[in-house]
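Asker: Below are the chains, spelled out letter by letter.
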Amino acid sequence: MPIRLHRLSGYAGVLLLWLISTPLHATLNIEIFGGGATQIPIAIVPFAAEEKLQQGITPVVAADLQRSGLFRLVEPGGLRPHEPVEVVYPDWMNRGAGALVIGSTTILPGGQVALRVKLLDVAKQTQLAAYTETVPAEQLRAAAHRIADMIYEKLTGDVGVFSTRIAYVVKQGKKYSLQVADADGFNAQPVIEYTEPIISPAWSPDGTRLAYVSFENKKPVVYVQTLASRGRKAVANFRGSNSAPAWSPDGKKLAVVLSLMGGSQIFLINADGSGLQRITQSTGIDTEPSFSPDGRYIIFTSDRGGSPQIYRMPVTGSASTTAERLTFEGSYNVSPHYSPDGKSFAFIHRNGDRFNVAIQDLATRQVQLLTDSKFDESPSFAPNGKIILYATEVKGRGILSAVSSDGKTRQQLSTQAGDIREPAWGPLPGLQ
Amino acid sequence: MKKIFGVILIGLLSACASTPQPSAEVEEKSMGTQPQGETSRATTEAGGPTLNPLTDPKSILSKRSIYFDFDSYVVKDEFKPLVVAHAHYLRNNAAARVLLQGNTDERGSREYNLALGQRRADAVKYAMTLSGAKEAQIESVSLGEEKPRATGHDEASWAENRRVDIRYQGE
Numbered sequence: 001m002p003i004r005l006h007r008l009s010g011y012a013g014v015l016l017l018w019l020i021s022t023p024l025h026a027t028l029n030i031e032i033f034g035g036g037a038t039q040i041p042i043a044i045v046p047f048a049a050e051e052k053l054q055q056g057i058t059p060v061v062a063a064d065l066q067r068s069g070l071f072r073l074v075e076p077g078g079l080r081p082h083e084p085v086e087v088v089y090p091d092w093m094n095r096g097a098g099a100l101v102i103g104s105t106t107i108l109p110g111g112q113v114a115l116r117v118k119l120l121d122v123a124k125q126t127q128l129a130a131y132t133e134t135v136p137a138e139q140l141r142a143a144a145h146r147i148a149d150m151i152y153e154k155l156t157g158d159v160g161v162f163s164t165r166i167a168y169v170v171k172q173g174k175k176y177s178l179q180v181a182d183a184d185g186f187n188a189q190p191v192i193e194y195t196e197p198i199i200s201p202a203w204s205p206d207g208t209r210l211a212y213v214s215f216e217n218k219k220p221v222v223y224v225q226t227l228a229s230r231g232r233k234a235v236a237n238f239r240g241s242n243s244a245p246a247w248s249p250d251g252k253k254l255a256v257v258l259s260l261m262g263g264s265q266i267f268l269i270n271a272d273g274s275g276l277q278r279i280t281q282s283t284g285i286d287t288e289p290s291f292s293p294d295g296r297y298i299i300f301t302s303d304r305g306g307s308p309q310i311y312r313m314p315v316t317g318s319a320s321t322t323a324e325r326l327t328f329e330g331s332y333n334v335s336p337h338y339s340p341d342g343k344s345f346a347f348i349h350r351n352g353d354r355f356n357v358a359i360q361d362l363a364t365r366q367v368q369l370l371t372d373s374k375f376d377e378s379p380s381f382a383p384n385g386k387i388i389l390y391a392t393e394v395k396g397r398g399i400l401s402a403v404s405s406d407g408k409t410r411q412q413l414s415t416q417a418g419d420i421r422e423p424a425w426g427p428l429p430g431l432q
Numbered sequence: 001m002k003k004i005f006g007v008i009l010i011g012l013l014s015a016c017a018s019t020p021q022p023s024a025e026v027e028e029k030s031m032g033t034q035p036q037g038e039t040s041r042a043t044t045e046a047g048g049p050t051l052n053p054l055t056d057p058k059s060i061l062s063k064r065s066i067y068f069d070f071d072s073y074v075v076k077d078e079f080k081p082l083v084v085a086h087a088h089y090l091r092n093n094a095a096a097r098v099l100l101q102g103n104t105d106e107r108g109s110r111e112y113n114l115a116l117g118q119r120r121a122d123a124v125k126y127a128m129t130l131s132g133a134k135e136a137q138i139e140s141v142s143l144g145e146e147k148p149r150a151t152g153h154d155e156a157s158w159a160e161n162r163r164v165d166i167r168y169q170g171e
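Chains A and B are the protein sequences, given in the same order.
With full-length UniProt numbering applied, the first sequence has no gaps in its numbers, which climb one by one up to 432 at the end.
With full-length UniProt numbering applied, the second sequence has no gaps in its numbers, which climb one by one up to 171 at the end.
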């Protein structure tokens, strides 16, 4: 905690800058708390001719890296190298930089922009990576995210998630809006808007469709909507409640929760709404299914033992299949989500009068509490497994927060007005 | 314009009321500012020459809410006379139909709460069928935590929202 308080003031300036540079269409503000004990000191020099572009590149790259909590930005001062031959390495060593990013931009006759970027190792005085891309001017932000992904991957060994998108629900007055935004909160676009609740958005594995639950017909119904065409279909609209959609990893099926046969039970259904098949058999509540990355298991919430706990079972569809209880600490463990590597799961654990994000290792069964706020809900892994996005509440307002899966760094995403909730982190763009 | 503003203001005031008022259910509904407000207008207008037992404030049938403990769907003893009275009304009025709407407080998982609200509504439905109501007369649904009557973030509001509401068809 002392780390968090200490760093807060340092980030106030960043936040202010963020707000000033935020264009009108952006609806999310981002604030960062904490940071890992070992951050990579990195200097990012404004690229040559960058000031002529309608969208700056290096500020986006810097904000991405800083938001990950794994980097510390080193001020370049007056130094402005754009080519490796212009770099005087001892200068950067003196400034404490471990890595250095330089580059140039060129506006081509057709209006496209050529980007040339180099990542340098200051201590070894070598080039770690080079990146070149020619993009239309309106895609400069996306290109900046790809550059940040490249740097992140080279320096941490993990896949970057700066080019991904998130989905969430904003409630403002009586209006509910399911929105999709870039992972840094920019380019927020409404998918649907209603005056009845929308919950549980879930990305198809290829990122082209969203499944969600809408109450627009006065009861919960599961829809699948294609983002590009906006076409949508009610895939589970049976008697009673239809909710909690989860995609199978191949994108062909959904696990859904229906009260069709009494109680709330988990069923499999094809993504077009055909082929209904029951997969859990209990007399109580079975809900919130999440597929293992290999598609062989689901984990889910069940009250079959008297209190809501997390269980795992093979997806066989056989009535004789038994579920294995995974959580034993406490009387309320809900909302399980498999990590992308399938080795652990995130969930919500009731801790006294608090509801917190926790992570449990499937092999060792070890549980780690990641948050200490009051009302956390809906944890969702980034596709690299390093960050967990979740909904929480500050001063009675719903906001989104993200915590690194080691619990060390947190960031908050809030809207200027209204409550924001039900986050779901989309897949890597390479899978689309 | 002024009138609309007044209605909104009342809505805000009622939303801010955080103290539990166990006897205030009918009044609160008649304000018409809650999400299901439109059904309650009929409740207040029904006072014809013959008093409707469903809306007569002196009748137990005018009580329409059954409250629950946190993460519980057990119908508590204090609400059993209410449930039995409605069951007997259904038994004696074969054409009557009710909708049971299960609700939960805002804490914890939205999806688990949706399922919990369903269990609460199902528990009341089961108790009613044991006391003579026909299953076909009763539909149980859940609103989970999505339609809170009390919008505060305190125990009083949560207690108010852990609830099954009985709504008669045509009201």
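For the record, the hints were derived by calculation from the structure and aren't laboratory data.
Here the structure is a predicted model, which means the values were calculated and not measured.
Any given hint could turn out to be false.
Covered stretches of chain A (in silico footprint by chain B; criterion: 3 or more residues with CB under 8 Å from a CB of chain B, positions within the stretch not fixed) [what the hints assert, rightly or not]: (1) 65–78; (2) 89–98; (3) 143–152.
Part of the chain B face toward chain A, derived, beta carbon under 8 Å [as the list claims (entries may be wrong)]: (4) Arg-107; (5) Gly-108; (6) Gln-137.
Glycine included, each C-beta is placed from N, C-alpha and C at the ideal position.
Asker: Each hint should be assessed against the structure and marked as holding or not.
Answerer: Structure-based check of each hint:
1. 65–78: violated (count 0)
2. 89–98: Contact hint for the region 89–98 of chain A vs chain B: violated, 0 residues under 8 Å.
3. 143–152: As far as the region 143–152 of chain A goes, the hint is violated, because 0 residues have Cβ atoms under 8 Å from chain B.
4. Arg-107: holds, 6 Å
5. Gly-108: Because about 6 Å separates B:Gly-108 from the closest Cβ in chain A, which is inside the 8 Å limit, the hint holds.
6. Gln-137: violated, 16 Å
In summary, the numbered hints that this structure violates are 1, 2, 3 and 6.
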